[in-house]
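Chemist: The residues making up each chain are set out below.
Protein chains: 2
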Amino acid sequence: MIIDIHGHYTTAPKALEDWRNQQIASLKDASLAPRVADLRISDDELRQTIEENQLRLMKERGADLTVFSPRASFMAHHIGDFNTSSTWAAICNELCFRVAQLFPDHFIGAAMLPQSPGVDPKTCVAELEKCVNEYGFVGINLNPDPSGGHWTSPSLTDRHWYPIYEKMVEYDIPAMIHVSTSCNACFHTTGAHYINADTTAFMQCLSGDLFKDFPTLKFVIPHGGGAAPYHWGRYRGLAQEMKKPLLEEHLLNNIFFDTCVYHQPGIDLLTKVIPVKNVLFASEMIGAVRGIDPQTGHYYDDTKRYIESAALTAEERHLIFAGNARRVYSRLDSALKAKGR
Amino acid sequence: MIIDIHGHYTTAPKALEDWRNQQIASLKDASLAPRVADLRISDDELRQTIEENQLRLMKERGADLTVFSPRASFMAHHIGDFNTSSTWAAICNELCFRVAQLFPDHFIGAAMLPQSPGVDPKTCVAELEKCVNEYGFVGINLNPDPSGGHWTSPSLTDRHWYPIYEKMVEYDIPAMIHVSTSCNACFHTTGAHYINADTTAFMQCLSGDLFKDFPTLKFVIPHGGGAAPYHWGRYRGLAQEMKKPLLEEHLLNNIFFDTCVYHQPGIDLLTKVIPVKNVLFASEMIGAVRGIDPQTGHYYDDTKRYIESAALTAEERHLIFAGNARRVYSRLDSALKAKGR
Numbered sequence: 060m061i062i063d064i065h066g067h068y069t070t071a072p073k074a075l076e077d078w079r080n081q082q083i084a085s086l087k088d089a090s091l092a093p094r095v096a097d098l099r100i101s102d103d104e105l106r107q108t109i110e111e112n113q114l115r116l117m118k119e120r121g122a123d124l125t126v127f128s129p130r131a132s133f134m135a136h137h138i139g140d141f142n143t144s145s146t147w148a149a150i151c152n153e154l155c156f157r158v159a160q161l162f163p164d165h166f167i168g169a170a171m172l173p174q175s176p177g178v179d180p181k182t183c184v185a186e187l188e189k190c191v192n193e194y195g196f197v198g199i200n201l202n203p204d205p206s207g208g209h210w211t212s213p214s215l216t217d218r219h220w221y222p223i224y225e226k227m228v229e230y231d232i233p234a235m236i237h238v239s240t241s242c243n244a245c246f247h248t249t250g251a252h253y254i255n256a257d258t259t260a261f262m263q264c265l266s267g268d269l270f271k272d273f274p275t276l277k278f279v280i281p282h283g284g285g286a287a288p289y290h291w292g293r294y295r296g297l298a299q300e301m302k303k304p305l306l307e308e309h310l311l312n313n314i315f316f317d318t319c320v321y322h323q324p325g326i327d328l329l330t331k332v333i334p335v336k337n338v339l340f341a342s343e344m345i346g347a348v349r350g351i352d353p354q355t356g357h358y359y360d361d362t363k364r365y366i367e368s369a370a371l372t373a374e375e376r377h378l379i380f381a382g383n384a385r386r387v388y389s390r391l392d393s394a395l396k397a398k399g400r
Numbered sequence: 060m061i062i063d064i065h066g067h068y069t070t071a072p073k074a075l076e077d078w079r080n081q082q083i084a085s086l087k088d089a090s091l092a093p094r095v096a097d098l099r100i101s102d103d104e105l106r107q108t109i110e111e112n113q114l115r116l117m118k119e120r121g122a123d124l125t126v127f128s129p130r131a132s133f134m135a136h137h138i139g140d141f142n143t144s145s146t147w148a149a150i151c152n153e154l155c156f157r158v159a160q161l162f163p164d165h166f167i168g169a170a171m172l173p174q175s176p177g178v179d180p181k182t183c184v185a186e187l188e189k190c191v192n193e194y195g196f197v198g199i200n201l202n203p204d205p206s207g208g209h210w211t212s213p214s215l216t217d218r219h220w221y222p223i224y225e226k227m228v229e230y231d232i233p234a235m236i237h238v239s240t241s242c243n244a245c246f247h248t249t250g251a252h253y254i255n256a257d258t259t260a261f262m263q264c265l266s267g268d269l270f271k272d273f274p275t276l277k278f279v280i281p282h283g284g285g286a287a288p289y290h291w292g293r294y295r296g297l298a299q300e301m302k303k304p305l306l307e308e309h310l311l312n313n314i315f316f317d318t319c320v321y322h323q324p325g326i327d328l329l330t331k332v333i334p335v336k337n338v339l340f341a342s343e344m345i346g347a348v349r350g351i352d353p354q355t356g357h358y359y360d361d362t363k364r365y366i367e368s369a370a371l372t373a374e375e376r377h378l379i380f381a382g383n384a385r386r387v388y389s390r391l392d393s394a395l396k397a398k399g400r
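First to last, the sequence lines map onto chains A and B.
Heads up, the first sequence is in our numbering, so the first residue is 60 and it goes up one at a time.
Heads up, the second sequence is in our numbering, so the first residue is 60 and it goes up one at a time.
None of these hints come from the bench; they were simulated from the model.
On a predicted model such as this, the values are computed, not experimentally measured, just so you know.
Do not take every clue at face value.
No copy labels: a pair is met if it fits in one copy or bridges any two.
As the list claims (entries may be wrong) - Quick list of in silico lysine-lysine cross-link-like pairs, DSSO-like style, CA-CA up to 30 Å:
#1 K118 - K331
#2 K118 - K302
#3 K226 - K181
For reference, chain A alone in the conformation it holds in the complex (with noise of 0.2 Å):
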């Protein structure tokens, strides 16, 4: 069995962003907001949205389920108040319930919070327990900056944060790192913002004690870490000189890195510097890179490859494709039991 723990629907219908744009444009003149019930989006374009891109790519190239979660770059945090945000995660989070529903067997849903800059986090305490509660949903997605590349939240660290990781806790779900579009003009958001704030979170973790606070917390860092484990050394040193613990003890009891690196030698760096159990198969298909390698003829994200080339044994490499997501993300592992998978 093959778990892909990144995918986005990044594929939903068009209808979805003519909403979100009408919503945007209410912001200016209230007399344009859209009403819930005015976005129609019927099965069957759901069905064809997956079937024809996220399903038809996990089937050819071997991937069984996917943890699904809304639009990473369309979340938009920073656009409008906590309500705009509160009202669109309820649609998108809803829109990935409804494809987990079509497609039980291949996907499960993850949240996206209704964060809102400079808005307490515990306001999106009530759509995590709605996404776990009533649609199964098994972790989320936190973003550490929700102003879009301004970066003025505190650190992940800060107990500003705290009430969301309760309620991660006592539910036992991992979070996904994940910042959404870039507004500032300095970070192009899939090739920078994205691979910065995983790199920004690593170290905000490494700073802090967080996990003294949370020993049962988990985050994933997604696109195979940022820089972090390219840069495993530096961190190791940064750490002995701020007198933390080793790595392992201090991080890699509660943070994970996801496979989201698009070329060979990059998942050979990931898999060897950092342990096996703390890395987990993900593509982020359909996402950032979506086209054909010249140097391979395959698709860059089409990571099962590189882990199938990587010096692994065939134990490792189950740990990363399924045993390892299935330890991390515990509801996940239950929804699967309970078909007898």
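Got chain A; can you put chain B on it based on the hints?
Modeler: Structure of chain B alone, referenced to chain A:
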């Protein structure tokens, strides 16, 4: 011969820091303003700070020459205004010049610029000219974010920066793209802001067409290029989607990476993924990571050992240790040739 292209004067006498603190205090109370002449540091003091630190380690490790610039984290361009930065840059550059005069076989200067947020970069040209013409400096450090972690300047590909690029091309000097201390609490200076800035600068160049306007402009992206080599597949794929040429043609005639990556697997990836002609030896010693790696028994930042252990031919190793530096820093090459080296 082994040339380290990335060293900062991190060990300057304490009087320098005291003077700077006085200058900062004077921003609130002008009566406290120190005069430049108040800073008195003798040649003996300079000699001692170098002989006991950088030069000692260079000799122990077997490096011959360091391209030496003011302490990066102390540039702090976000403090005060242009006049603040102008006075501070002049002082710091002069100290590096004096070190180069005291140890002409082992140090040659690179300039910090008197950047200030929101101020036209052309105001930096006079200091640059002085450092090249009077001090014999062979490069500059260019800060893409003089705000110190708030990222308020235009992309490096914007015409905003062209006055500096025009002077760089005229003098045939490279710029190391190097931020300073972070005053944004989200970003740890050496663990996040430095690495993020490297990644950001690379992606800014990838997104633009700067090197069409300046075919001979040269940027050195430090710290092993941030996350870029680790995510080389992502960047190749993003360039492809943006209809840019292959990275070799689009960027690698103009962008170079140093070897400040503090463990063997990172250097192995760097030297495997990036063409050898684009990799320049550096350690940033004495810098961000000063300890000894318990896994190896050697200093994390003794990067020469990693290059020696990487799968490289003798010729490739020579290029990384010296040949590439002499090509990219043409004024360094001229200075060495003038001495018969």
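Chemist: State for each hint whether it applies.
Modeler: The hints, checked one at a time:
1. Proximity of K118 and K331 under a CA criterion of 30 Å is satisfied intra-copy only: 28 Å inside one chain copy versus 32 Å between copies.
2. Taking the closest pair of Cα atoms, K118 and K302 come within 30 Å of each other only across two copies (29 Å); inside a single copy the shortest separation is 48 Å, beyond that limit.
3. Taking identical chains as interchangeable, the C-alpha atoms of K226 and K181 lie at most 30 Å apart only when both belong to the same chain, with a minimum of 9 Å there against 52 Å between chains.
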